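Below are the chains, spelled out letter by letter.
Number of protein chains: 2
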Amino acid sequence: MIQLPDAVRDLRARILAEGEVIGTDILKIDSFLNHQVDVRLLEDAGTELARRFAHAGATKVITVEASGIVPAAFTARALGVPLLFAKKALPSTIREGFFSSEVRSFTKNRTFDVAVSGRLISPADCLLIVDDFLAHGSTVQGLLHVAQQAGAQVAGVGIVVEKGFQSAGAALRAQGLEVVSLVVIEEMREGYIRFAEEAAPELRSARR
Amino acid sequence: MIQLPDAVRDLRARILAEGEVIGTDILKIDSFLNHQVDVRLLEDAGTELARRFAHAGATKVITVEASGIVPAAFTARALGVPLLFAKKALPSTIREGFFSSEVRSFTKNRTFDVAVSGRLISPADCLLIVDDFLAHGSTVQGLLHVAQQAGAQVAGVGIVVEKGFQSAGAALRAQGLEVVSLVVIEEMREGYIRFAEEAAPELRSARR
Numbered sequence: 066m067i068q069l070p071d072a073v074r075d076l077r078a079r080i081l082a083e084g085e086v087i088g089t090d091i092l093k094i095d096s097f098l099n100h101q102v103d104v105r106l107l108e109d110a111g112t113e114l115a116r117r118f119a120h121a122g123a124t125k126v127i128t129v130e131a132s133g134i135v136p137a138a139f140t141a142r143a144l145g146v147p148l149l150f151a152k153k154a155l156p157s158t159i160r161e162g163f164f165s166s167e168v169r170s171f172t173k174n175r176t177f178d179v180a181v182s183g184r185l186i187s188p189a190d191c192l193l194i195v196d197d198f199l200a201h202g203s204t205v206q207g208l209l210h211v212a213q214q215a216g217a218q219v220a221g222v223g224i225v226v227e228k229g230f231q232s233a234g235a236a237l238r239a240q241g242l243e244v245v246s247l248v249v250i251e252e253m254r255e256g257y258i259r260f261a262e263e264a265a266p267e268l269r270s271a272r273r
Numbered sequence: 066m067i068q069l070p071d072a073v074r075d076l077r078a079r080i081l082a083e084g085e086v087i088g089t090d091i092l093k094i095d096s097f098l099n100h101q102v103d104v105r106l107l108e109d110a111g112t113e114l115a116r117r118f119a120h121a122g123a124t125k126v127i128t129v130e131a132s133g134i135v136p137a138a139f140t141a142r143a144l145g146v147p148l149l150f151a152k153k154a155l156p157s158t159i160r161e162g163f164f165s166s167e168v169r170s171f172t173k174n175r176t177f178d179v180a181v182s183g184r185l186i187s188p189a190d191c192l193l194i195v196d197d198f199l200a201h202g203s204t205v206q207g208l209l210h211v212a213q214q215a216g217a218q219v220a221g222v223g224i225v226v227e228k229g230f231q232s233a234g235a236a237l238r239a240q241g242l243e244v245v246s247l248v249v250i251e252e253m254r255e256g257y258i259r260f261a262e263e264a265a266p267e268l269r270s271a272r273r
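Residue numbers (the working numbering), protein chains in the order written: chain A, 66 to 273; chain B, 66 to 273.
If we strip away everything but chain A, and leave its shape as in the complex, we get (with noise of 0.2 angstroms):
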């Protein structure tokens, strides 16, 4: 029998007692993750990612606002590095001195910039990205592109839930990234959830 990491044991028993499916792409998780945060959860999720990607060299932990950035501080106070989130902004506020790259919210159904103050990453930097979703990419796409014009290495990119099911993960495999997800749901709709690596899916109790 696998025995998983307590991490990815507690997140998933969250997701299934607090998770609100809504149609067959959306998962309300904000009880303990992006609206009120259990703090202990994800202090043992940003561990478990800082563990995975130990081996990687990062520099510097990087996120983007607001989400991601709980994870992202306990990935990088586990790995001793600054954390850096970057800012969302409407194109026509980013600065002189920023690097930055348009990003699509397909939640929103709207277009922002994530930028980044040119004066704190450099070529000598190796950035690990984190978030807490990985659904379309396009938060992790721009922060690639913010890592390219600076010229910085990527360590990889580590995520709290993946949803499998979209394309994302597999996108950015392909590109050949390292992509450590503690929480990948192959399949939802309301009422069931199956998470990936299980051998039997069966109805789950997330509500509706």
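Derived by calculation from the structure, the hints in this document are not laboratory data. Treat the hints with caution; some may be incorrect.
Same chains, same label: a pair holds when it works inside one copy or across any pair of copies.
As the list claims (entries may be wrong) - Calculated lysine-lysine pairs in the DSSO-like style (CA-CA distance at most 30 angstroms, straight line):
(1) K153 - K173
(2) K93 - K153
(3) K125 - K173
Predicted, not measured: the structure shown is a model, and the values here were computed from it.
Using the hints, position chain B against chain A.
Here is chain B on its own, set in the frame of chain A:
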């Protein structure tokens, strides 16, 4: 001689070493506080705020996205309670079932709403408000308004850096709130920062 807590001493040292004062009211400390984050420093800051509010019976720590999230997360972790971060939103996008309050950003010279899901605060809650900066206090007033709508108690207000020369801290204290600011700046201009409770103001090495 007064012994400062380590977190306070370290914050002051970093402000003097890396802060940039722009004009007489903008302090740019984005190399360790609100863009890049020295996670260890903010962990110490959050832990110190938790220590100062250990008596207050907080059931949740509340902040506003994005730069309050790291200190608030470490405060919540030290207190063993959840973190709740209010979303910034355009007034038109606030959904039903949310408590919200209009907040004026003086730095950005615009107005936005802070919003918290009505499911996540109840009259049984006692909220500790934490933020990175206290200047005009409009964010804190917005969170107080949200707490009031929910019928929740407020344990107090914990701040990493207060601009003591602006009116907000005094106004909140006059409302009967316990406000703890780890660092209070009494006066600043290019190249000069004077902290509160220092007997001998002296020229500092803050850049610019």
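Going through the hints against the structure:
1. Both within a single protomer and between protomers do K153 and K173 lie at most 30 angstroms apart by alpha-carbon distance, with minima of 13 angstroms and 14 angstroms respectively.
2. Taking the closest pair of Cα atoms, K93 and K153 come within 30 angstroms of each other both inside a single copy (22 angstroms) and across two copies (18 angstroms).
3. Taking CA atoms no more than 30 angstroms apart as the test, K125 paired with K173 passes in both settings, with 29 angstroms inside one copy and 28 angstroms between copies.
When held up to the earlier numbered hints, the structure conflicts with none and fits them all.
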